[in-house]
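Asker: Got chain X sorted already, so can you dock chain V onto it with the hints?
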Amino acid sequence: METNTNSFQASDYKSDQPVRWCPGCGDHAILNTLHKAMAELGIPPHKTAVISGIGCSSRLPYYMNTYGFHTIHGRAAAIATGFKVANPEMTVWQISGDGDGLAIGGNHFIHAVRRNVNINMLLFNNKIYGLTKGQYSPTSERGFVSKSSPYGTTEDPFIPAELVFGARGNFFARSIDVELKISQEVLAAAARHEGASVVEILQNCVIFNNGIHNPITDREVRADRTIHLVHGQKMLFGKDMNHGLVQDGFLLKAVELGKDGYTIDDVLVHDAHTKSNFLHQQLAMMDGKELPLAIGVIRDVNSLTYDSEVTEQVRAVKAKKGFDSLRQMILAGDTWTVE
Amino acid sequence: MLDKPTIKTLEKVVVRFSGDSGDGMQLAGNIFTNVSAALGNQVSTFPDYPAEIRAPQGSLSGVSGFQVSVGTGVHTPGDSCDVLVAMNPAALKQNIKFLKPGGVIIVDIDSFKEADLRKALFTTDNAFKELGITAQVLEVPVTSMTKAALADSGLDNKSILKCRNIFALGLVCWLFDRPLETALHHLKNKFARKPAIFEANAKVLDAGFNYGHNIHATVSTYRIESPDPRPGVYTDINGNTATAWGLIMASEKCGRPLFLGSYPITPATDILHELAKRKDLGVKACQMEDEIAGVCSAIGASYAGNLAVTSTSGPGLALKSEGIGLAVIAELPLVVIDVQRGGPSTGLPTKTEQTDLMQALYGRNGESPVAVVAPASPTDCFTMAFEACRIAVEHMTPVILLSDAFIGNGSSAWRIPEADEFPQIKTPDVPEELRVPGAWRPYMRDPETLVRYWAVPGTENLAHRLGGLEKDFNTGAISTDPANHARMVETRRNKIARIATDIPGQEVLGNPEADTLLVGWGGTYGHLHTAADELNAQGTPVALAHFRYINPLPENTGEIFSRYKNIIVAELNTGMFADYLQARFPQHFFRRINKIEGQPFMVSEVIKGVKDILQQMQK
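Chains X and V, in that order, give the protein sequences. First residue of the first sequence? That's 1 in this note's numbering, and the numbers climb one at a time after it. First residue of the second sequence? That's 340 in this note's numbering, and the numbers climb one at a time after it.
Isolated chain X (complex conformation) (with noise of 0.2 Å):
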């Protein structure tokens, strides 16, 4: 993909309409850095559409300057798969919350990934449903109360990772409404990725579901419950970056440096471009509870796009057979004429 970093400006990139989410909002961060990622890429804001279901994240395209659609719920992930395959010219951004991506729109969600169509799918995940004032969502851990379930729900919730990985995704990324800085190299890393890359953003909706991520999140102890995973990087966290994760077994362990005989040549080095995705699951289902969190960039394989390869076959149909126009194949076929 081609970049030019100095040709535009956050500002370029954001609609003349106030916004209208409630204040405190996790939205508000990730709009910001989406806004900077786009200006970080350079690609003009009129090769840009931003593509979004129902739901409070999905008011964000009238928060753009560039090409937007705020469609129905559950559905953006079809809507982008057509948008793409018809204008394969445009960089094409889906937004959805964890109700509209993984509950109402979950069939188009896991189908989008598998057929890796070249979008960038940002998911929103707030563990609720804010619009409809706190209902808990497919995110919601099991015995949530909720004004939907008032004793507790009683069902296990999806792990957005777990969704991906299952519909063999190719591109995984994670980032906290507050790290501005890892959501904006995350969002512009999903926009380099050439095929379906889903990023799972945890916001915070301060209304409904207020500190629900703050037992990562909180800065006291985010440093000791996250890591930030960087192609190429040893994987070490900690406030002092004393800590590591190496290999037990078939399974990851979380250690102190100098402890029990640990050194940084057992760290493990994280590799995002391996095909092979079970690292990158066992590291995407860490929870943030015996191991860390994991955010940054998990998975980023290149694959065949849906995209480019409808256009190719079109392409290549069409130099093979050589019709110029319907006409053309149809006389081509079995016909008679009457004089």
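It is worth saying that the hints were derived from the structure and are not from the lab. Ideal Cβ placement from N, Cα and C applies to all residues, glycine included. Treat each hint with caution, since some may be false.
[As the list claims (entries may be wrong)] Below, computed lysine-lysine pairings styled on DSS-like, alpha-carbon distance capped at 30 Å:
1) K47/X <-> K618/V
2) K320/X <-> K616/V
3) K592/V <-> K321/X
4) K533/V <-> K318/X
5) K320/X <-> K501/V
6) K181/X <-> K275/X
7) K432/V <-> K452/V
8) K318/X <-> K618/V
9) K616/V <-> K321/X
10) K501/V <-> K318/X
11) K616/V <-> K432/V
12) K501/V <-> K47/X
13) K439/V <-> K321/X
14) K320/X <-> K468/V
15) K321/X <-> K765/V
16) K318/X <-> K432/V
17) K765/V <-> K47/X
18) K318/X <-> K765/V
19) K501/V <-> K533/V
[What the hints assert, rightly or not] Covered by chain X, per the in silico footprint, the following chain V stretches (three or more residues, Cβ under 8 Å):
20) 799 to 811
21) 871 to 883
[Claimed, not checked] Away from chain X, derived, C-beta distances all over 12 Å, residues of chain V:
22) L399
23) K452
24) R532
Answerer: Only chain V this time, still in chain X's reference frame:
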């Protein structure tokens, strides 16, 4: 202008069973004949035995055939057949000459292996290509399905293979709606002393019937012939292919690539098949994960600037409703093809009805008007698919094309249009003066047609946001203002209503001077036209107004109705079009002829229906 076709083979079908002399073709043919006769059909048969008594198995000289014509007005076994059953390559080679244009071939694909082809003196490994077959071929694994059905029967392999003919019979019974009871009765008599063989054949008969059911096998038993064809180059075409080709023609005429988002569903799937093949003409046909994704991918493609289409049948249209509503409020061109079948729910997937009219007109939340058009015949599918695209693009609206299983699968000779026969489709591009920074807003409209402009993403200065929330009439920003909403509802309604000035006036056929007007719409045209002609010939004067533009109706519709004393609406539902007209023209009384059997009208039914109504009115 519509052709004036007559339905020729409506109530008569010719089937030819062919196979090796040991394959039991005579038995299968005889039972089919008896089953049809028991249903009250006239029958005429022609057994075609091989000359040699003991020709080598699988050889050309060992082919045995049995041709039967069943239906009404049957006087001969027919010169050629509508359906050819060929149990092996030799049978196919010997009998292909008997197949009518547009006929269907059923083969036992298990017996088309290399050795079988060699016995029948084929020189390549593809018998169909070598014979230059362009007809529809149903490749059925008759041998393996028969073996599977009888795996637990305890019969030896030779006895099992002898039941293949009955599997084929079961399949043909499915295709022509023959109940199996009579066939079982005949098998029981035939194998009265061999109960194990009877049991085996009964099982296989059922398996063949179920196979047809499971794969939604259909063949069109109807052929519509136009007398005195105009000079030109002709080809044979069925309605679904014509629909696909009409879309491609529209794409050529508006200069926008054609995108199809679809999901397989009987009886519309052939449109997806044809457009998937037409990558050679640049068509992007995407088989999506479900019906909703079919319409949504098309909406995405439309926003992206393509001519976008989704194809389906009734149940799929139900799933697409919310998506169509989005295209209504976003004012994007979208063509939705509904090849109607019997409902409700899964209903009768392979049978025809006109029961989706109300769904097409009203089946969405909110005030959500769309244009609705309906082709009248297989070849008219081409014209009306083109029209659906033209209206969608030039008026920036979803258009629903109501085809049906009868015309979708039915075929007819079709004159290939000349290159300049269809008009250019004018895309409502953003005017030049608005293509400067800040000048254009997405809901700016042509004041005459109320059509908003279509900006293609990727164009500088035209970046804009659309969405399902109500928008301000002027700025295009989200608006919940009460007066603005009322204005937008009114604007969208008027935009559709004004399409009436851009479609042809309604024609009146038959005897325009009659007191009685027969009214129909869509795929019943051939029957109603033939019925009107016969009524006029029999001394009952009737005129015929057959509608292809349903919403909006042609501008002269009211004026036509005012000329007739009696108006009779004939349709394959409980009276949906009649209700629609009654609401619009309360000053007239619309009488009705309805049929909801999953079957097309019979001409005789329409004639009787009209006469009965006229007689009652005289009382």
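Asker: Checking each numbered hint in turn, tell me which of them this model violates, lowest number first.
Answerer: Checked against the structure, the hints that fail are numbers 4, 5, 10, 12, 16 and 21, while the rest are satisfied.
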